[in-house]
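Colleague: Line by line, the protein sequences are chains A, B and C. The opening residue of the first sequence carries number 0 in numbering that gives the first Met the number 0; numbering runs sequentially from there. The opening residue of the second sequence carries number 0 in numbering that gives the first Met the number 0; numbering runs sequentially from there. The opening residue of the third sequence carries number 0 in numbering that gives the first Met the number 0; numbering runs sequentially from there.
Be careful, since some hints might not be right.
List of simulated lysine-lysine pairs, DSBU-like, C-alpha gap at most 30 Å [said to hold, decoys possible]:
(1) A:K177 - B:K77
(2) B:K178 - C:K53
(3) B:K192 - B:K140
(4) A:K177 - B:K74
Derived by calculation from the structure, the hints in this document are not laboratory data.
Chain residues, written in single-letter form:
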Amino acid sequence: MLKDITLGQYFPGNTLVHRLDPRTKLILVVVYIVALFLAKSFLSYGLVLAFLVLAASISHIKPKALLSGMKPLMIIIVFTGLLNIFYTTGDDAPIVNWWIIKIYKAGLIAAFFMILRIMLLISGTFLLTYTTSPIALTDGLEALMSPLKKIKVPVHELAMMMCIALRFIPTLIEETDKIISAQKARGADFETGNLFRRAKALVPILVPLFVSAFRRADELATAMECRCYHGGEGRTKLKVLKYGKDDAIAFLAGILLLAGVIVLRTFGL
Amino acid sequence: MPPVIEVRELTHSYSVGTPFEHVAIEHVNFTAEAGEFLALIGHTGSGKSTLIQHLNGLLKPNSGTVLFHGEDIWKDKKFTRTIRSKVGLVFQYPEYQLFEETAFRDIAFGPKNMGLSEAEIRQRVLRAASFVGLTDRLLEKSPFDLSGGQKRRVAIAGVIAMEPEVLILDEPTAGLDAKGRQEILSNIRAYQKAQNATIIMVSHSMEEVAELADRLIVMKNGRVDAIGTPSEIFRQAEHLRAIGLGAPQVTEVFRLLREKGLELPADTYTLAYAVKALCRFREGGGHA
Amino acid sequence: MSNIITAENLSFAYPPQEGKLAIPVFENLNLEIAEGSFTVVIGPNGCGKSTLAKQFNAVLLPSGGKVYVLGNDTSNEQTLLEIRRTVGMVFQNPDNQIVSNVVEEDVAFAPENLGVPSAEIRKRVDDALKTVGMYEFRNHAPHLLSGGQKQRIAIAGVLAMQPRCIVLDEPTAMLDPRGREEVIRTIRTLNRARGMTVVLITHHMSEAIDADRVLVFGNGGILADGSPREVFTQVELLRAANIDVPQTTALLYELKRQGWDLPLDALSTEECAEAIANALLTQTERSQK
Chain A
0 MLKDITLGQY FPGNTLVHRL DPRTKLILVV VYIVALFLAK SFLSYGLVLA FLVLAASISH
60 IKPKALLSGM KPLMIIIVFT GLLNIFYTTG DDAPIVNWWI IKIYKAGLIA AFFMILRIML
120 LISGTFLLTY TTSPIALTDG LEALMSPLKK IKVPVHELAM MMCIALRFIP TLIEETDKII
180 SAQKARGADF ETGNLFRRAK ALVPILVPLF VSAFRRADEL ATAMECRCYH GGEGRTKLKV
240 LKYGKDDAIA FLAGILLLAG VIVLRTFGL
Chain B
0 MPPVIEVREL THSYSVGTPF EHVAIEHVNF TAEAGEFLAL IGHTGSGKST LIQHLNGLLK
60 PNSGTVLFHG EDIWKDKKFT RTIRSKVGLV FQYPEYQLFE ETAFRDIAFG PKNMGLSEAE
120 IRQRVLRAAS FVGLTDRLLE KSPFDLSGGQ KRRVAIAGVI AMEPEVLILD EPTAGLDAKG
180 RQEILSNIRA YQKAQNATII MVSHSMEEVA ELADRLIVMK NGRVDAIGTP SEIFRQAEHL
240 RAIGLGAPQV TEVFRLLREK GLELPADTYT LAYAVKALCR FREGGGHA
Chain C
0 MSNIITAENL SFAYPPQEGK LAIPVFENLN LEIAEGSFTV VIGPNGCGKS TLAKQFNAVL
60 LPSGGKVYVL GNDTSNEQTL LEIRRTVGMV FQNPDNQIVS NVVEEDVAFA PENLGVPSAE
120 IRKRVDDALK TVGMYEFRNH APHLLSGGQK QRIAIAGVLA MQPRCIVLDE PTAMLDPRGR
180 EEVIRTIRTL NRARGMTVVL ITHHMSEAID ADRVLVFGNG GILADGSPRE VFTQVELLRA
240 ANIDVPQTTA LLYELKRQGW DLPLDALSTE ECAEAIANAL LTQTERSQK
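All chains should be modelled from the sequences, with the hints used to inform the complete structure.
Modeller: Put into structure tokens, the structure is as follows:
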């Protein structure tokens with residue numbers, strides 16, 4: 000059933016990483032990604048990996064959780080790896096030379112780095128969503144992007160929309176489940192037939208779902224109005240974001256990581 | 000002859016194999032005969048919804064069986080599919096499943112899925128519409144333009160049009176006003192009488208259940224707590240209240256009168272019977 | 000007692016839509032809601048009681064006449080927020096009025112909109128959640144709660160505005176008996192212990208039994224207005240307006256039609272049994288003479 004899908008991928012906890020200001024975590028992820036793309040050698044990749052392992056162990060997120068999140072993306076990872084193996088040419092003689100396939104040592108290394116880079120990238124962002132509640136994430140994004148308000152970017156509205164979307168995803172999933180059951184009870188068949196027939200079979204699900212979503216949106220808008228919602232102007236917050244000592248330490252760690260990778264790169268290591 | 004529906008040792012758990020695993024119903028046993036009106040009562044979370052979704056094969060039991068005329072509904076895939084039209088299930092707030100351009104076409108959805116001929120579909124839609132009191136004019140309207148009560152009746156007609164032998168309804172009167180409730184209930188009664196159909200109705204209203212049901216199934220924590228006629232069940236008003244259900248108000252009034260020493264029948268659960276019993280009592284000068 | 004809401008010659012019609020005429024909902028309605036009172040509005044589906052409720056906090060504006068909230072005209076833009084924070088509103092479907100996926104964040108929504116300082120929001124949120132008995136659920140996700148619990152969160156969300164009046168539009172229509180009980184108990188406490196003005200719209204007569212005042216709404220107007228006892232005894236009027244009377248009242252009404260000498264205003268099962276016992280007693284006494 001659809002219900003079994005866990006969304007929002009947040010594992011509540013009370014570790015140092017969980018308690019960090021969401022802005023700090025967002026900035027750190029950006030720093031981490033930059034460092035990752037600057038990394039060129041085993042040593043610098045090792046540094047980035049060490050940073051990730053450290054963060055994961057502090058936050059009590061098991062490596063298994065990070066790896067299992069990668070499963071749906073496995074095809075892309077493998078595909079990218081293969082492309083790098085087959086399309087990188089090196090100066091030395093190919094290791095494998097069979098029919099039109101030529102594999103060079105440089106290709107294997109490039110593929111290894113590419114796969115490592117993707118996996119580190121995904122794990123890093125997962126660590127962010129695993130340790131930060133969606134609502135904190137939204138708050139953090141809103142705060143970080145608030146300078147954009149000056150150039151008329153509707154930052155508050157975007158954040159509000161994200162918050163409401165997060166709120167309604169489980170409700171709409173449950174509703175979809177109910178509609179599917181109700182149409183099945185009327186003999187609807189979603190499992191057999193060709194693509195066209197299956198697409199057509201979705202109409203009895205999608206129409207009621209949209210009708211209901213619009214009705215909900217309408218009622219929610221009225222309820223929000225009744226609770227004095229009038230845009231982002233003059234709004235205060237229950238939880239004010241505040242940087243603390245932990246955030247300073249985290250920033251320092253981020254700067255060290257970036258500096259380390261840059262130094263290694265300059266010395267060609 | 001075997002009963003229309005027989006449920007044996009039915010057990011179902013959700014999210015098996017995950018940390019969220021929980022038992023929804025266990026060791027449920029009951030039978031339903033042709034033409035019988037059964038009411039299913041119990042708290043939210045007592046397993047009523049899970050149970051009724053087993054009766055038309057929407058859910059597959061973890062253990063135990065559901066028999067339709069003595070045959071396991073899961074014996075083969077084709078049979079399971081045909082069960083969907085023989086055991087009609089009307090969900091709570093069924094108007095949220097309407098999707099077609101006209102009420103007529105929406106009601107026709109079920110019969111169409113059964114693979115019937117155009118002529119037969121048309122006949123069934125009209126017959127179903129007459130059961131729920133929908134006029135031809137309403138049938139040509141978009142279901143989204145109808146009133147709440149009318150939408151509900153279109154949705155129920157959509158299941159009735161499959162002409163099921165067993166009609167299951169999950170709180171068919173929820174959210175309706177007095178008139179809407181009475182209309183729906185008499186529609187259901189009409190269908191039961193005309194087709195000698197079995198009705199299984201989930202309800203929170205003890206007054207409603209007392210008026211209509213031949214037998215009541217009381218659910219508690221995923222198990223059948225009691226099965227019996229309204230008089231057998233409502234006799235144990237104390238017990239019902241203990242599991243948070245209560246009895247019809249007239250039953251309560253009669254219990255209080257009996258406490259005052261008046262010799263009135265203990266199995267009073269409908270208004271008409273209460274009035275009759277009291278009048279007889281008065282004429283008899285203090286004897287029922 | 001002063002009035003918190005006053006409607007003067009209030010008329011309302013939904014504006015005409017393509018090819019259809021304007022639909023009048025009510026005309027020339029005069030109504031006052033006393034501060035601190037508990038008023039129940041009953042009426043069949045589609046009688047316009049929800050539309051009326053939305054006039055009380057300027058979600059809809061009158062097409063004729065005026066509505067005043069503490070003397071402020073609802074059609075005045077300047078006092079709009081003042082009116083909305085004075086008269087809070089709770090709706091039928093609890094799912095469609097909760098904005099956040101954390102309970103306490105949702106309750107904080109209204110004070111945040113009003114620009115209340117953070118420390119004060121914290122206090123109001125905690126107070127509101129304690130009042131509705133949901134404090135221990137403050138960090139939960141609303142979609143995992145029961146209907147009754149969700150509806151209490153919605154009430155807390157309104158309480159955090161510190162309103163003087165709360166209007167509830169069929170808050171129990173989608174709940175099971177237990178949820179209904181929870182919500183009604185909460186509303187009653189608000190009125191009795193906190194002196195909050197309550198306007199409860201419902202079609203469950205049983206919820207009207209201990210109100211100060213019952214308004215029967217139908218056919219675009221007020222059909223009856225009085226104490227529960229005064230209103231419930233008008234069985235014919237209620238039935239004609241498609242409203243269910245409690246089974247106790249129905250029983251007394253039927254007996255009376257059979258020639259019994261009974262009062263109709265015995266609402267609870269205890270009062271009803273008492274009334275019947277008394278009637279039987281006087282009858283036997285009379286026959287003994």
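Colleague: Enumerate the violated hints, using their earlier numbering and listing them in ascending order.
Modeller: none
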